[in-house]
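The sequence shown runs 1 to 319 under full-length UniProt numbering.
In short, the hints are calculated from the structure, not lab data. Note that the coordinates shown come from a computational prediction; the quantities given were computed from them, not determined experimentally. Be careful, since some hints might not be right.
[Said to hold, decoys possible] Between beta-carbon pairs, the in silico distance windows are:
1. P61 - V291: 46 to 54 Å
2. D57 - E84: 35 to 43 Å
3. P30 - P2: 42 to 50 Å
4. V240 - W16: 37 to 45 Å
5. R159 - G66: 22 to 30 Å
6. E210 - D271: 23 to 31 Å
7. A140 - A29: 14 to 22 Å
8. L157 - L72: 34 to 42 Å
9. H263 - R83: 36 to 44 Å
10. A29 - R83: 20 to 28 Å
11. D271 - D132: 37 to 45 Å
12. G164 - A42: 30 to 38 Å
13. E84 - P61: 33 to 41 Å
All C-beta atoms in this analysis are idealised placements derived from N, C-alpha and C, irrespective of residue type, glycine included.
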Amino acid sequence: MPYWTRKAAGALATLWLASVAVFLLLRLAPGDPVSAALGAEADQEQRDRLAGSLGVDRPMPVQYLGWLHGLLTGDPGSSFHYREPVTRLIGQSIGSTVQLALVAGLLMLVLGLLLGVALAAERRGRLARVLDPLATALLALPVYVTAVLFVFVFAVLLRLLPAGGERDLFTAPDLAVQYLALPAVALALPGAAVLARLLATELRRTRQEEFVLTAVAKGASPRRVLARHVLPNSLAPFCVEFGLHLGELLGGAVVAEQLFARHGLGQLLLDAINQRDYPVAQTLIMLAVAVAVLVQLGSELLVGRLDPRIARAGTGEDR
1 MPYWTRKAAG ALATLWLASV AVFLLLRLAP GDPVSAALGA EADQEQRDRL AGSLGVDRPM
61 PVQYLGWLHG LLTGDPGSSF HYREPVTRLI GQSIGSTVQL ALVAGLLMLV LGLLLGVALA
121 AERRGRLARV LDPLATALLA LPVYVTAVLF VFVFAVLLRL LPAGGERDLF TAPDLAVQYL
181 ALPAVALALP GAAVLARLLA TELRRTRQEE FVLTAVAKGA SPRRVLARHV LPNSLAPFCV
241 EFGLHLGELL GGAVVAEQLF ARHGLGQLLL DAINQRDYPV AQTLIMLAVA VAVLVQLGSE
301 LLVGRLDPRI ARAGTGEDR
């Protein structure tokens, strides 16, 4: 079976299993949408009437199949709480989260590359004595700690950037960048530290390969050796790890949007879970899973292009 076919089939299976898990786990959690809407004082007749109107009185397999059909056709239903189509609610909030995720992803990529190359080049130098503990600290600090520190330093003490809020990147780019700076950097730094350490390790390993030593023996400059030989042959694990962290940005956005008062998908998801708004919550979680799976699939296909040996592994072509 071709490499891309195996990867695509695995991605589809992962998405289906995730849909089952998301659907069941939300309903196994304490509470239900009827109690969240009516409270404990409602009588049974009111509860039954609301349950019927929401459709939560139907058998769970019927509910799941209806939701799955809606997902596949682009109509995952209406919100229990807002009584609006889920797609409309997502459309109203997705812009803020996409802007944050894109900026954070770009920062994570750039910082991971630069810090990784610097760590590999300065393994025993003065710079390494600064970069090593810095990377360790960034790796250890969770997003909410970094975010609080940034707000305290840059918004409260120095008054350089706003502590919270948002502006649209397309209508007011100068203001939007200021509002995006703190949450995007807070989201990007932990992933950048992981990518930097991984890349530094791969760069050091690749430098010991025979083809690199041959290039050095022929008199190639250190910059040419890095750009033409070492870095391209060290990027495969970096790409896979970057894909994993890029897919996790939506999860981090839940924390960042809470701390920085941004009204994106993370805030919408948190409200939906608190209200037991199943259509919104399960659709948003599946959206996050789908993004993570698709990004991971793309990174694995890219790795297959960068290193054809990986694409041939298990297909019988290398035998």
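Between D57 and E84, is the Cβ distance one that fits in 35 to 43 Å? violated (22 Å)
Within 46 to 54 Å: is that where the Cβ-Cβ distance between P61 and V291 falls? Given about 27 Å between the Cβ atoms, the range is violated.
Does the Cβ-Cβ separation between A140 and A29 fall within 14 to 22 Å? Violated - the Cβ-Cβ distance for A140 and A29, about 30 Å, lies outside 14 to 22 Å.
I want to verify a distance hint. Is the separation of the beta carbons of A29 and R83 within 20 to 28 Å? holds (22 Å)
Given a hint of 42 to 50 Å, does the C-beta separation of P30 and P2 actually sit inside it? At 46 Å between Cβs, range holds.
Just tell me: holds or violated, for the beta carbon distance of L157 and L72 against 34 to 42 Å? Between L157 and L72, where Cβ atoms are some 51 Å apart, the hint is violated.
Do V240 and W16 keep their Cβ atoms within the hinted range of 37 to 45 Å? violated (23 Å)
Determine whether the Cβ-Cβ distance between H263 and R83 falls within the hinted range of 36 to 44 Å. Cβ of H263 to Cβ of R83: about 19 Å, so the range 36 to 44 Å is violated.
Range hint 22 to 30 Å: satisfied by the CB atoms of R159 and G66? violated (52 Å)
Determine whether the Cβ-Cβ distance between E84 and P61 falls within the hinted range of 33 to 41 Å. Taking Cβ atoms as reference, E84 and P61 lie about 26 Å apart, which means the hint is violated.
Taking 23 to 31 Å as the stated bounds, is the beta-carbon spacing between E210 and D271 within them? Given about 57 Å between the Cβ atoms, the range is violated.
Can the suggested window of 37 to 45 Å be confirmed for the beta-carbon pair D271 and D132? holds (41 Å)
Violation of the numbered hints given earlier is confined to hints 1, 2, 4, 5, 6, 7, 8, 9, 13; the remaining hints are satisfied by the structure.
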